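Student: Now for the letters of each chain:
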Amino acid sequence: MKKKRWLFLGLFVSIMLLLSGCDSSSLIVLDPKGPQAKTQSSTIIFSILMMAFVLIVVYILYIIMLTKYRASKTSDDYIPPHIEGNKWLEFTWIAIPVIIVAILSVVTVKTTSAVESVPAGYEDQKPLVIYAASSNWKWHFSYPEEGVETVNYVNIPTNRPIEFRLYSYGPITSFWVPQLGGQKYAMSDMVNTLHLLADTPGSFMGRNSNFSGKGYAQMEFEVQSMSAGDFSKWVDDVKKTAPQLTEDKFNALLKTSYVGRESFSSTHLGFNPPPEMDMSEGHHGSGSSDKDSGSETMDHSDMSNMEDMGSMEHGN
Amino acid sequence: MKWDEFFVTGEPMIYAAMVSIVVVSLAILIGLTYFKKWGYLWREWLTTVDHKRIGVMYILAALIMLFRGGIDALLMRTQLAAPEMKFLDAQHYNEIFTTHGVIMILFMAMPFVIGLMNVVVPLQIGARDVAFPRLNAVSFWMFFFGAMLFNISFVIGGSPDAGWTAYFPLASLEFSPTVGNNFYSLALQISGIGTLMTGVNFIVTILKMRAPGMKLMRMPMFTWSVLITNVIILFAFPVLTVALALMMFDRIFGSQFFTMANGGMDMLWANLFWVWGHPEVYIVILPAFGIFSDIISTFSKKNLYGYKSMVASMVVISLLSFIVWAHHFYTMGAGVMVNGFFSITTMAIAVPTGVKIFNWLFTLQKGKISFTTPMLYAMAFIPIFTIGGVTGVMLAMASADYQYHNTMFLVAHFHYVLIPGTVFGVLAGMYFWFPKIFGFRLNEKLGKTAFWLIVVGFNTAFLPLFFLGLSGMTRRMYTYSADTGFGPLNMVATIGAFILAIGFVVLCYNFYWSFRYSPRDENGDPWDARTLEWSTPSPVPVYNFAKVPNVKSMDALWEAKVNGVPLYEEGPYEPIHMPNNSGQPFILGVIMFFLGFFLVFSWFIPAIIAGIGVVVMLALRSFERDHGYHISPEEIAATEQKLRGDSV
Amino acid sequence: MKINDSLPLEYRTEENSNKIFGFWLFLGAEIALFSTLFAVYLTLWNRTGSGPTGKELFELNGVIWETFLLLTSSFTCGLGIHAMRLNLKKPMIVFFVITLLMGLGFLGIEITEFVNYVHEGATLQTSAFLSSLFVLLGTHGLHVTMGILWGAGILIQVGRQGFTDETANKSFIFSLYWHFLDVVWIFIFSFVYMKGLM
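Protein chains in written order, with the numbering used here: chain A, 1 to 316; chain B, 1 to 648; chain C, 1 to 198.
No wet-lab data here; the hints were simulated from the structure. Careful: at least some of the hints might be erroneous.
[Said to hold, decoys possible] Covered stretches of chain B (chain A as the covering partner; in silico rule of three or more C-beta atoms under 8 Å from a C-beta of chain A): (1) 89 to 100; (2) 134 to 143; (3) 329 to 343; (4) 348 to 361; (5) 382 to 390; (6) 470 to 477.
[Unchecked claim] When the alpha-carbon atoms are kept at most 25 Å apart in a straight line, the in silico DSS-like pairs for lysine-lysine are as follows: (7) A:68 with B:448; (8) A:73 with B:368; (9) A:87 with B:215.
In this text, all values refer to a predicted model and were calculated from it rather than measured experimentally. Ideal placement from N, C-alpha and C gives every residue a C-beta, glycine not left out.
All chains should be modelled from the sequences, with the hints used to inform the complete structure.
Tutor: Printed below as a string of structure tokens:
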């Protein structure tokens with residue numbers, strides 16, 4: 001019995017060693033390259049510390065109980081007492097968790113609102129808008145202002161807030177660049193907004209993290225952050241050298257399952273617009289919940305609907 | 001539909017499975033015929049309305065499903081063991097993780113829990129059976145044939161491949177054109193209706209059929225947990241019923257609930273699924289809490305610490321379980337207010353759960369702890385489940401969840417909750433109550449060997465996944481490239497999975513060994529336990545209690561043993577009224593199976609005929625005049641004499 | 001078997017009183033089921049795609065008749081149970097027959113309405129709104145159909161056996177079910193038709 005316990009402990013410790021032996025920089029979620037990811041990684045580390053405290057308390061009590069009160073340590077005629085409980089003890093282990101949860105709640109709401117908006121300190125800059133759309137099984141990135149479009153890679157300038165507008169031409173996908181910040185869903189009937197920012201130049205892994213069928217494992221893209229100068233040079237390059245994205249070409253692209261990287265000197269936004277409502281009541285993306293989006297998420301090319309909707313709203 | 005589409009073709013592994021299914025079925029048929037057991041099977045099992053036998057059948061089915069789901073897991077882990085493995089292709093992998101999830105939650109965890117409820121609850125409250133024995137049989141056969149319908153998708157038509165969550169539009173006809181998700185919607189529907197009926201049955205049983213003197217606050221903790229669980233079932237399962245019906249309409253009748261055009265709303269499915277799905281987690285975990293409470297109390301030879309707060313915390317958990325569902329999709333973009341609300345409600349669940357952990361720890365204090373196999377599982381549960389719990393709190397924080405969502409971190413978390421919680425719970429319960437049903441204990445040495453393999457294997461398999469998640473490995477990827485660096489930890493996890501599997505093999509061998517060699521139990525109370533079920537002889541006679549016990553306190557049997565408080569009044573036996581066996585529930589199950597099967601393939605005329613069959617069965621039941629039978633006092637006396645031997 | 005003579009016939013045996021309690025629980029689950037269907041309907045009701053809206057589709061006339069029939073049938077069903085309590089077999093049967101006939105009338109109107117909708121090009125497949133409308137109404141209609149079959153079965157048993165604790169129990173449970181369908185209809189009337197026509 002005892003031997004096995006030590007065996008178990010030994011195994012456990014060796015696993016821990018193995019894990020800590022792994023290069024810690026491979027934990028990319030904890031290796032942020034932008035303010036949003038930094039907020040998230042410090043939130044995660046803070047919560048790990050809080051939770052480690054809880055774990056330690058439970059484990060100490062557990063070890064005490066299991067070593068002190070085993071039958072082999074008591075005399076045969078020992079009869080355990082009848083204990084109903086203890087008001088104060090029970091109050092303690094309600095009160096302390098409530099305090100912990102309260103602290104974590106405050107942290108959660110603060111950090112969530114931080115990562116859901118333009119990164120602090122960059123509010124006065126005009127964000128770069130990039131539409132990121134998924135289709136089976138690739139990512140399309142359109143730069144409406146620059147008038148360029150890419151497939152399966154996205155270049156961004158450093159130290160400028162990026163406003164990704166996410167939607168999907170098929171199953172729900174999730175747009176995730178771990179080193180720049182957390183993920184958000186791309187869906188077919190609404191546009192979600194994700195604010196990211198890279199504060200160092202470099203290449204970061206991005207991928208779809210929400211299962212979307214056969215080609216899901218391959219749905220990766222590369223994010224390259226570069227200086228503003230390099231970025232505009234790249235845009236000019238694409239505009240000069242890359243072909244136009246025609247409607248036919250885009251439709252063919254949507255149907256192709258696996259493609260490599262591609263660049264175009266025009267976007268699909270004109271002939272195949274994202275599912276945004278032009279008549280929106282001012283809540284694009286992040287503020288719009290699915291629940292209240294009944295009116296917002298209809299196919300906006302269908303004019304007859306909009307008339308009906310208008311009349312219904314009068315009715316209400 | 002052509003025949004080559006009807007059967008799944010082109011996969012050597014599936015051909016092997018087909019052959020083995022045919023061989024095993026033939027072996028069973030020949031065996032039953034050779035040993036002339038057809039009549040026995042029909043009379044004693046297929047038509048039974050006895051809660052104990054129904055419970056045993058539930059558990060047996062759950063164990064078979066555990067192996068099906070376990071093999072799925074091993075296939076997945078083999079594919080992920082190293083980068084760029086060619087063991088499974090994407091489609092096959094997608095089907096396997098889908099069936100693994102569905103089977104483990106709905107056809108393993110649920111029936112195992114319900115099986116233990118069936119076996120134990122009437123005995124714990126001093127009842128002769130559940131409130132509606134016939135309905136209980138219907139519940140079982142609905143579950144069973146639902147599970148069978150789901151499983152044949154493996155060889156006929158193709159398995160579902162959109163994940164156990166079956167998110168739309170991925171699960172729509174457009175992106176999942178095989179009949180796999182039709183199987184999903186219909187098989188889950190049929191077994192779900194069975195579960196709903198179980199919910200009604202056990203609430204009535206527990207509220208109305210307790211022995212005299214057993215007030216609510218004197219009930220054993222397992223019975224309490226079952227009561228609360230069934231209240232959750234009653235309100236959560238109708239949501240699943242609706243969600244699955246809408247899915248069926250979308251896929252089979254062309255409706256537009258979750259489609260991408262004509263106003264369909266994909267996230268409506270996700271909302272409905274998780275409004276059921278989150279309470280479902282508590283449906284499988286609360287009974288495990290109850291089992292651990294009874295076991296910890298029994299093997300520390302002490303009453304449960306903080307009984308009232310244990311009950312209160314379960315009630316609070318059950319209420320909170322209905323208002324946390326959106327934490328499964330914080331990333332949907334619902335905004336800070338909504339995510340903040342659901343973060344707080346989710347984290348709040350940690351408080352009542354913490355209360356339970358501390359109460360269990362303080363039950364041990366000043367106790368006399370003996371480490372039997374069931375107790376070992378309970379003792380492994382506390383530290384491992386706590387890891388699952390605290391990572392749950394971490395996941396509840398919306399901002400951080402944006403980084404954990406859909407990653408291996410999440411996979412590690414819910415396995416750390418469901419395996420030490422539910423799986424250890426039901427295994428502990430199985431070892432604990434096994435002698436009650438079969439009259440002998442499972443071998444302790446083999447039990448402990450299996451336990452250590454399972455615990456070590458489990459941690460080796462799932463601890464690395466936390467780190468893989470933080471390294472950016474998402475769930476449901478069928479392969480990854482070598483330069484991701486995911487290889488080594490995945491290899492460790494795969495080794496762990498195989499250790500876990502060996503543990504389950506030892507567990508099964510234990511059944512065989514103990515059946516052959518274990519000493520038979522003499523007095524019906526092999527663990528020196530505390531509650532009423534142990535006051536009956538083992539195996540329990542069909543009528544459970546020869547006389548209805550009189551309960552004067554909590555832990556009534558313990559009081560009777562220690563303080564000499566009599567459980568049964570003196571006096572002669574009285575005739576006991578019992579329900580008759582019936583083949584109708586089984587036949588209804590078969591018809592439901594065919595109804596589901598025909599609908600899967602959109603064969604509407606046979607489906608309508610089967611539907612009429614269901615109505616006919618209901619009418620037959622309505623017109624039936626079956627008042628059961630009585631067991632005479634002489635027969636009771638003879639049975640008791642035989643079972644209790646000289647000990648009475 | 002424990003029998004308590006001070007209770008109404010349908011409650012007298014322990015088994016029967018358990019059945020009534022169990023049926024109340026089942027109705028609880030039914031409330032959860034219909035609440036979910038209403039939630040789905042209210043989420044999708046203005047997602048009409050290219051199909052018609054409720055305002056264009058609904059006709060008050062038929063709905064008023066449906067409401068009248070179902071509400072009245074609930075009343076006659078209550079009268080039937082009252083007659084049963086007074087041990088009046090014939091009136092009870094008459095009231096139940098009226099109840100079931102009104103149920104049939106309700107179904108007839110509902111089916112006619114469905115046929116009209118389909119002729120106007122409003123089918124289950126047209127839009128999310130219509131899918132949720134047909135499934136909500138259809139689920140209620142299916143409940144009424146099952147209720148009529150069930151009620152007819154019970155009537156035959158009462159006719160043959162008279163009032164026993166068993167038949168009384170069944171009739172009483174049937175009446176609970178029938179009243180419940182009535183309540184659901186009131187919600188359909190308010191949240192589907194009134195809301196749609198406004």
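Student: None of the hints should be skipped; say for each whether it holds.
Tutor: Hint by hint, here is what the structure shows:
1. Check result for the region 89 to 100 of chain B against chain A: holds, 3 residues qualifying (beta carbon to beta carbon below 8 Å, three or more required).
2. Counting residues of the region 134 to 143 of chain B whose C-beta lies closer than 8 Å to any C-beta of chain A gives 0; at least three are required, and the coverage claim is violated.
3. Coverage of a stretch by a chain is defined here by at least three residues with a beta carbon nearer than 8 Å to that chain's beta carbons; for the region 329 to 343 of chain B and chain A the count is 11, and the condition holds.
4. As drawn, the region 348 to 361 of chain B meets chain A at 9 residues by the rule of a beta-carbon pair under 8 Å; at three or more, the given contact holds.
5. Three residues within the 8 Å Cβ limit are the bar, and the region 382 to 390 of chain B against chain A gives 5, so the coverage statement holds.
6. By the rule of at least three residues with a Cβ nearer than 8 Å to a Cβ of chain A, the coverage given for the region 470 to 477 of chain B holds, with 7 such residues.
7. The hinted pair formed by residue 68 of chain A and residue 448 of chain B meets the criterion: a straight-line CA distance of about 22 Å does not exceed 25 Å.
8. Straight-line distance between C-alpha atoms of residue 73 of chain A and residue 368 of chain B comes to about 8 Å, which keeps the hinted pair within the 25 Å bound.
9. For the suggested pair residue 87 of chain A and residue 215 of chain B, the alpha carbons sit about 23 Å apart, so the restraint of at most 25 Å is met.
Violated hints amount to a single one, hint 2; each of the other numbered hints is respected by the structure.
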